[in-house]
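Read top to bottom, the protein sequences are chains A and B. In this text, residue positions in the first sequence follow the UniProt record's numbering: the first is 1, and each later residue adds one. In this text, residue positions in the second sequence follow the UniProt record's numbering: the first is 1, and each later residue adds one.
Simulated from the structure, these hints should not be mistaken for laboratory data. Each hint should be verified, as a subset may be incorrect.
[What the hints assert, rightly or not] Taking lysine-lysine and the DSS-like style, the derived pairs with C-alpha atoms no more than 27 Å apart in a straight line are: (1) 169(A) to 172(B); (2) 127(A) to 69(B); (3) 186(B) to 16(A).
Everything numeric in this text was worked out from a predicted model, so none of it was measured.
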Amino acid sequence: MDPPEVEFLAEKELVKIIPNFSLDKIYLIGGDLGPFNPGLPVEVPVWLALNLKQRQKCRIVPPEWMDTDKLEEIREQERKLDTFTPIPSPYYMELTKLLLNHCADNIPKADEIRTLVKDIWDTRVAKLRLSADSFISRQEAHAQLDNLTLMEINTTRSFLLDSLNYMYKLRSNLQPGRSQDY
Amino acid sequence: MDSQSYMPVPPGIGMEDNFFSLDDILLSHERLPCSTESAFPRLGFLEKSSETRDIPEGTKMEMPLWLAKGLYERKRRVLSVELPKVYREGWRTVFGADPTVVDLHKMGPYYYGLGSQLLHFDSPENPEIANTILQTFIGRFRRTMDSSQNAYNEDTSALVERLDCLERSLFKAGQSGLNSFQLWEKGRSSHLTASSLVINYRKRKITDLQA
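Next up, chain B with everything else stripped away, as it sits in the complex (with noise of 0.2 Å):
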């Protein structure tokens, strides 16, 4: 069976994310460039480039997703975020064009997570962006797709390349379900392994020790 030893918590996609996913921890810190709408007295030291003590209303700083969530309120006291260039106009007119050729892992590797956790800031262009990201995720399948279930054995690489963590992950799945189905066909599953734990761990043998 291909049970692993240590099953990762999934990402959550859609407006939610999972508090225990690596992949959500590490797509929170991806900066985004924001505004402040008020003062923030004595943070100064938070801004590098400026050296006042406090931050005044109207500075443009980049801040890290999980700090602009938290911060950012309904009444918009307090900061204003602007969306990166991957999802304004310009780059959605080429995601509309042609999804396949886009490198989204350059974009940033949590294109369609990001984008996800955006629509929380609510800007005026949120369904437009919502329906990019779906549009582009549909285009880019039948590529996924197919170079996952006919890449038996290769380098995968170059394929792997361009696709952002989402895409990644099917990737991986596609990929799973035909290895299995070849080493099947093979005769070579019922082949004893010894795990992969064991392997790494390194254990010494008896006779090792014993001489």
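Bound-form chain A, shown alone (with noise of 0.2 Å):
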């Protein structure tokens, strides 16, 4: 899976946006949107949220958790815990570059924001690497990991599955019993 993909899939969240034009109900496959009135505020998936910002219909009101102080406090937890501690999103990361890129201005602080996140993004990469090689010293069979999102496991996904398939086949070696003889 590319992180192309994963925002992809991303864009579906829902975020809250003021829209400065009015509009009925549409209906869409995926589900209905609601009543545009100008001035009150509406949850839209993001997709619809960007492109509404793009062509300048609307203001994107940013969610909750994307505010220092929570996000000081998300990362100080982050530190001083071996897990994994729980986010607000599970796309925090895609979330803040799309609404960082495209509607800064709509965001207090955005500069400290997306320190704090990459601050996040770092600890917990630097986690998943950790209880990877220590998955791999140890030998064990299953490993168990809350709190994960799919950024994280998409970076590490093709090297840790290729090592994993090498290391098992390794071990195949130990046992005797051989499949083939010339």
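Could you use the hints to bring the two separately framed chains together as a complex?
Right, here's the structure in full:
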């Protein structure tokens, strides 16, 4: 899976916007999108929000977790614990990138938020690598990691799977029991 | 998407090898020291150092893996294979002490593959060899993972030099994951670029032809 695919999946998340146009309820295959009235907040998927923003038809309200105090708390907790802390949105990395690139003017302290999210990401990825290393060095059969997001899994997926495959085949050398004779 | 125009057949690790894999074919060219247990009449020309017409019993020669595997039989009337020095007791203790310092590329670029193939020739040290290979892999895994996931946009030749071929393919996988993530973060994933095939083929533009 590529990062753009993960981003595509992330665009289904809902975000609040304040439109400046009015439109009746629209009925799409994926669901209904409520009536748009100027000045009244309405929840729409991110893909629509970005599109409207680019056409200057709305103002995006940042999600509640995209706030410097909250993110600092999450970062501190992430650094203290050895396991992964539950984060407010399973697509925090993608949403941060999308929202900060397209509508930085609607989000207060955008640069700080970007730095905080990057810190959280780095800490989590470091923990992921640590746990992958201990998984391999102890040759365990399975591991359970809670609260991981798709993007983090995606970055290590090919490497981890390949190395586990190789390890499995090297381990099968230990069992005698030859499959073929010449 | 990061798809290539050519998907190579991966090497088969473990006691089998893939017939079509280029890595396995190159691997089977590695020479092993062996000694013949019966005479090979009229094949003296294979052994450059002897001038006799046939190869007598007990000659020590170096044979490539593909030949040794084909001639080896359980009853051991034809060939007996000795272990190359990397898989012997001395080197095994080195690997046990600290696997990360060894330059595996110099020790034969196919350490893991050749080691797995050696298990076909029943040597009494087989279980230890298999165990050493596995432990070496596990010991070097951390280094490979760290270096592949942290070297972005740098010259990685110094890091890759000491890895053997299996680790190099792992390194490449790690790098490609890192690169695609960084590319996405910069926003350049949707940037259209000309395919490498077209650039290499250097198609002439119609305007140049007409001029």
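Numbered hints the structure breaks, given as an ascending list: 2
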